[in-house]
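Number of protein chains: 2
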Amino acid sequence: MKNRGLLIVIAGPSGAGKGTICRELLRNYGENLELSISVTTRKPRDGELEGVHYFFRDMEEFFRMVEDRELIEYANVHDNYYGTPKKYVMDKLEEGKNVILEIDVQGATKVKEIFNEAVLIFIIPPTFADLKKRIEGRGTETQKDICKRLKNAYAEISHAVNYDYVIVNDDIKDAAAKINCILIAEKCRLPRCNIDFEKFREG
Amino acid sequence: MKNRGLLIVIAGPSGAGKGTICRELLRNYGENLELSISVTTRKPRDGELEGVHYFFRDMEEFFRMVEDRELIEYANVHDNYYGTPKKYVMDKLEEGKNVILEIDVQGATKVKEIFNEAVLIFIIPPTFADLKKRIEGRGTETQKDICKRLKNAYAEISHAVNYDYVIVNDDIKDAAAKINCILIAEKCRLPRCNIDFEKFREG
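So the protein sequences, as listed, match chains A and B.
Residue 75 in the working numbering sits at position 75 of the first sequence, and the numbers go up by one each step.
Residue 101 in the working numbering sits at position 101 of the second sequence, and the numbers go up by one each step.
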C-alpha cells in the first residue's frame with residue numbers, strides 16, 4: 001500500500017509572501033508535491049490561467065459546488081469567493097502526493113476540521129511595516145482594496161495561535177527550506193510513520 | 001534575550017546505529033549543536049576518552065551524583081550505569097545551543113518527565129535481522145553480552161510508541177538529514193517559535 005500524502009496548509013495575511021514561498025517550494029522541493037488549485041469567483045489577474053492558477057467560476061456555479069459539498073472550505077475574501085475542491089485534494093493524497101493548500105486564514109482552520117491530520121503553517125513577514133509595504137507594492141489593487149487588506153491582515157495575525165507552525169518570511173529560500181523540513185519531520189512523527197512494530201520484530 | 005536551545009533525545013535499541021548517526025549529525029549539521037556527555041561506570045572501550053566520549057566514574061562517585069541529584073536520569077544497561085549530567089545540559093541550553101542526548105530507551109522517557117519540551121527521536125534499523133547483524137558485527141562483546149543485548153533490543157522496540165518521532169536507519173546520511181529537519185521544524189512550532197504577535201502588530 002502506498003503511503004498517503006501529507007496535506008500542508010499555508011496561510012497568513014495578505015502580503016506575507018505565501019504565493020512566492022509556494023512557487024519556491026515547488027521549484028526546489030517539488031518532487032512529490034502538488035499545489036492544490038482553488039476555485040474562485042474573482043476575475044483573473046494578468047497572466048493567471050484557468051486550471052493552472054485557479055478554476056475561475058461564476059457565482060452560480062460556485063454556489064452549486066457549495067450546495068453539492070464539492071468544496072472542503074470556502075470563504076469570502078475582499079468580496080470574492082475562494083474554495084478548495086475536495087475531490088482534487090483527496091485524489092492527490094491517495095496517490096501518495098503531498099498537497100499544499102495556499103489559502104486564507106479563515107479557510108485554514110476549516111480544513112483542519114475536515115482533515116484533522118493536516119499540517120497548518122502560518123506565514124508572517126518580519127514586521128507589520130514590511131507587510132504594509134508588500135501590499136502597497138503589489139500595484140494591482142486600488143487604494144480602497146489596500147486599506148481593506150491591511151485592516152484584514154491586522155486582524156488575521158491573531159489567528160496564528162491556531163496553527164501548528166509559524167514561519168517568519170524574512171528570506172524566501174529559507175522559508176521554503178523550512179517548510180520542506182516540516183514536511184520531512186511530519187512524515188517521521190509517530191502517528192504517521194507507518195511502521196508496523198510487530199512485523200518489524202518478526203522480520 | 002537569546003533563544004533557548006532545543007533538547008533532542010536520540011534513543012533506540014542497541015545496534016540501531018544511534019552513535020554513528022549522532023557523529024554524522026555533528027559533522028554535517030553541527031554548527032549550533034552539542035552532544036551531551038554521559039557519566040558511566042562502564043570501563044572505557046578502545047579509543048574512548050574521558051570527557052570526550054564519557055565521564056568515566058566509579059560506582060561510589062556515580063551514586064554520590066545520584067544522591068545529590070546531579071543527574072537528569074540514570075539507568076542500568078547491561079550491568080553498567082549511565083547518567084546524564086544535569087548542569088552540563090542546562091548550561092548549553094541556556095547558551096542557546098541545541099543539545100543531543102544519545103541515551104538508552106528507558107532514560108529517554110525519564111528526560112521527558114524533567115524536560116517536557118524535549119524532543120524524543122527513536123531510531124530503529126530497517127529489520128530486526130539487521131539489528132542482530134549489527135550487534136554481532138560490533139565484535140567488542142562476548143556471546144553472552146550479545147544474547148543479552150538482543151533480548152533487551154526486542155523488548156525496547158515496544159517503547160517507540162512513547163516517542164515523538166521514529167526514524168528508520170536505512171541510510172546514515174539520510175537519517176542525520178531527517179534529524180536536522182526535525183530540529184528546524186521543531187524551532188518553528190508555535191509554542192517554541194518565540195514570536196510576540198502583539199509586538200509584531202505594533203512593529
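Incorrect hints may appear among the rest.
For identical chains, the list gives no copy identity; a pair is met inside one copy or between any two copies.
To be verified - Restricting the straight-line Cα-Cα distance to at most 20 Å, the calculated cross-link-like pairs of lysine to any residue (SDA-like) are:
| id | residue 1 | residue 2 |
| --- | --- | --- |
| 1 | K199 | P126 |
| 2 | K173 | Y29 |
| 3 | K151 | F197 |
| 4 | K132 | E198 |
| 5 | K133 | E202 |
| 6 | K199 | N152 |
| 7 | K151 | R69 |
| 8 | K144 | F115 |
| 9 | K112 | F55 |
What the hints contain is simulated information worked out from the structure, not anything from laboratory work.
Failing hints, ascending?
-> Violated hints: 7, 8, 9; rest satisfied.
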